[in-house]
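**Student:** Model the full structure from these sequences, guided by the hints.
Just so you know, my numbering puts the end of the sequence shown at 902, numbered straight through with nothing missing.
Some hints could be false.
Dumping the calculated BS3-like pairs for lysine-lysine here, alpha-carbon to alpha-carbon at most 27 Å [what the hints assert, rightly or not]:
#1 Lys726 with Lys893
#2 Lys750 with Lys820
#3 Lys729 with Lys896
#4 Lys822 with Lys896
#5 Lys726 with Lys896
#6 Lys893 with Lys823
#7 Lys748 with Lys823
#8 Lys896 with Lys820
#9 Lys822 with Lys726
#10 Lys893 with Lys822
#11 Lys893 with Lys748
#12 Lys822 with Lys729
#13 Lys893 with Lys729
#14 Lys820 with Lys893
#15 Lys729 with Lys820
#16 Lys896 with Lys750
#17 Lys820 with Lys726
None of these hints come from the bench; they were simulated from the model.
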Amino acid sequence: MRNKQLKTLCEGAVMVALSVVISFIKIKTGGQGGSIDFVMIPLLVFALRNGCLWGIGAGAVFGFIKCLVGEGIGYGLPSVLLDYVLAYAAVGFAGIAKNKKYGAIWGTALGCIARFGIHFISGLTIYAITAAEEIAGIITASVPLYSLIYNGLYMLPNTVVALIMMPIVAKALKNTAYHI
Numbered sequence: 723m724r725n726k727q728l729k730t731l732c733e734g735a736v737m738v739a740l741s742v743v744i745s746f747i748k749i750k751t752g753g754q755g756g757s758i759d760f761v762m763i764p765l766l767v768f769a770l771r772n773g774c775l776w777g778i779g780a781g782a783v784f785g786f787i788k789c790l791v792g793e794g795i796g797y798g799l800p801s802v803l804l805d806y807v808l809a810y811a812a813v814g815f816a817g818i819a820k821n822k823k824y825g826a827i828w829g830t831a832l833g834c835i836a837r838f839g840i841h842f843i844s845g846l847t848i849y850a851i852t853a854a855e856e857i858a859g860i861i862t863a864s865v866p867l868y869s870l871i872y873n874g875l876y877m878l879p880n881t882v883v884a885l886i887m888m889p890i891v892a893k894a895l896k897n898t899a900y901h902i
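**Tutor:** Following this line, the structure appears as structure tokens:
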């Protein structure tokens, strides 16, 4: 039992490190923040292999490290906790789909939706004071609409990328010792 936990912990550390390295390769989506990247792929693979709790833990660790070394921007501790630690921890909910039919697809969708939900809440609470009247050419008369558009501009493409990549990764790993 102890060896399995140690192996899982080491695997998680490798996946977090891989996500950190990948986080430096990104496509900016606009002037205000958010980007399209592949950081969720290793976190999703880890969660789908090891389950929800391990996935949440790895996501939280990645979020903390990303904030420290990956250009983390926040309005104090609550912002850092929501936009980094909790948002990436939410990706770990993909682990609910561990060993389930089509788990790579619906687990990925669940992890991405959970991350979006945390970012949306952050936009409603912390970033409400910075909500612009216009974003991406759309007039926003409300904070919820602003948060929806702002976070959707980078989370929707990230979700599409993850939904395309994860079945490919799962198929590539299917006949290996490291299958999902």
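**Student:** If a hint holds in the structure, say so; if it does not, say that too.
**Tutor:** Here is how each hint holds up against the structure:
Between Lys726 and Lys893 the CA atoms are separated by roughly 24 Å; this keeps the pair inside 27 Å, and the hint holds. With a C-alpha separation of about 32 Å, the suggested pairing of Lys750 with Lys820 is violated against the 27 Å cut-off. At roughly 20 Å between alpha-carbon atoms, Lys729 and Lys896 fall within 27 Å of each other, so this suggested pair holds. A distance of roughly 14 Å separates the Cα atoms of Lys822 and Lys896; the hinted pair therefore holds under the 27 Å criterion.
A distance of roughly 21 Å separates the Cα atoms of Lys726 and Lys896; the hinted pair therefore holds under the 27 Å criterion. A hinted pair counts as satisfied when its Cα atoms are at most 27 Å apart, and Lys893 with Lys823 qualifies at roughly 13 Å. Under the criterion of a C-alpha separation no larger than 27 Å, the hint pairing Lys748 with Lys823 is inconsistent with the structure, at around 31 Å. Simply put, Lys896 and Lys820 have alpha-carbon atoms about 14 Å apart, close enough for the 27 Å limit, and the pair holds.
At roughly 21 Å between alpha-carbon atoms, Lys822 and Lys726 fall within 27 Å of each other, so this suggested pair holds. Simply put, Lys893 and Lys822 have alpha-carbon atoms about 14 Å apart, close enough for the 27 Å limit, and the pair holds. Under the criterion of a C-alpha separation no larger than 27 Å, the hint pairing Lys893 with Lys748 is consistent with the structure, at around 25 Å. For the proposed pair Lys822 and Lys729, the alpha carbon gap of about 22 Å is at most 27 Å, so the pair holds.
As the CA atoms of Lys893 and Lys729 are separated by approximately 23 Å, the hinted pair is consistent with the 27 Å bound. Restraint check for Lys820 and Lys893: satisfied, since their Cα atoms lie roughly 15 Å apart, inside the 27 Å limit. The hinted pair formed by Lys729 and Lys820 meets the criterion: a straight-line CA distance of about 17 Å does not exceed 27 Å. Simply put, Lys896 and Lys750 have alpha-carbon atoms about 33 Å apart, too far for the 27 Å limit, and the pair is violated.
Straight-line distance between C-alpha atoms of Lys820 and Lys726 comes to about 17 Å, which keeps the hinted pair within the 27 Å bound.
When held up to the earlier numbered hints, the structure conflicts with 2, 7 and 16 and fits the remainder.
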